[in-house]
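Take the sequences, apply the hints, and build the full model.
For the record, the sequence lines run as chains W and H. Positions in the first sequence are counted from 1; adding 707 to them yields our numbering. Positions in the second sequence are counted from 1; adding 182 to them yields our numbering.
Hints should not be assumed to be uniformly reliable.
[What the hints assert, rightly or not] One-sided and incomplete, this derived list gives chain H residues near chain W with beta-carbon spacing under 7 Å:
hint, residue
1, Ile191
2, Gly201
3, Leu216
What the hints contain is simulated information worked out from the structure, not anything from laboratory work. Here the structure is a predicted model, which means the values were calculated and not measured. Each residue gets a CB set at the ideal place from its N, CA and C atoms; glycine is no exception.
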Amino acid sequence: MTDTTAYQGATATQHEPGFGDYVQLLKPRVMSLVVFTALVGLLVAPVHLHPVEAFSAILFIALGAGASGALNMWWDADIDAVMKRTARRPVPAGKVAGGEALGLGVALSGISVVMLWLATNWVAAALLAFTIFFYAVVYSMWLKRTTPQNIVIGGAAGAFPPMIGWVCATGSVSVEAVLMFALIFMWTPPHFWALALFMKEDYHTAGVPMLTVTHGRKATRVHILVYTLLLVPVALGAAVTSIGGPFTLAVAVVLNAWFVLGAVRIWRRDEPVAEADKYSVEKAFFRFSLLYLFLHFAAFLVELALKSAGIGGW
Amino acid sequence: MAFRPEHEIYKRRFSRNLGVGLALAAFVALVFALTVVKVKRGEPLEGYDHVVSSSLLPKEEAAP
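Right, here's the structure in full:
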């Protein structure tokens, strides 16, 4: 390339992304959650991998999650462009061409699945492939624009990583892996519906049929409470399996009591009250939901450490 | 005669090339490390060629 081509103006520079733009396509914040939960799933499993295999497994699970993020950004560029929260993503911002996001997503999907297979086992690789398919096709292409249950069913994609981590180590699915999956699966709806309550204009403008748009805000508040209550037995159930113990159970009781209290407060409010204090309760619930999930999985790790010290577990 | 300052597009291109280069180097290193770990363990590579398969031997013979 010569200086002449480099100075052709906006069209030349528009699709000349830096490395950071490609990293943004992989949704690094979502990846960090995936890495953490997959790592916990892998570490608490009864079979231990060689450190190099464990590192590779986590890396390729994260890469698979990033690939599905890139595919999602390619498909949802039109929606992202009209939502304030997502308008600065690389594709709607014009930093990366849609086709490049698609290419990167497909390439990384293939690499991550094949490499996870080689590093661990085919069951884990198949689960990762299904997760990518579920997030990119079932959630992004199908559910997101057609049903208010998009978040409920689509939440499965984000729930698979700890199960994949577990399967990387053991080669099979067990009740502990299912409960870690269920914990994230049941947590996702109240987490995103709380966000939808205070980002209401975004989803409405984009025409995404979030529950707030299709069934109204009162119904969304009821749904948040119902799903939060359904989450309690799942969280307590995980704490009484082989990956839990008295410490995990105590943490689960406190976290769930606090979470239910927040959901009840959201349920008891109406729009004028929420608007008057700028959705402070909904925002606090959303922030706490992030902490809730992190502390739950951190508790599994602490229990593991306590077990190795001879004082944890059942 | 003054040189024209480097256009910002070159910085972006360099960051991309550097990032891709480092990622590829890390990938090669990881595949090498994985290969070493798997080969050292050995079980999946045990074949039916000119080597005695230790898993087929009676336990007393297989023991070192």
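Next item on the list: Determine which of the earlier numbered hints do not hold for this structure and return their numbers in increasing order.
Entry: Nothing - there is no hint that the structure violates, so all of them hold.
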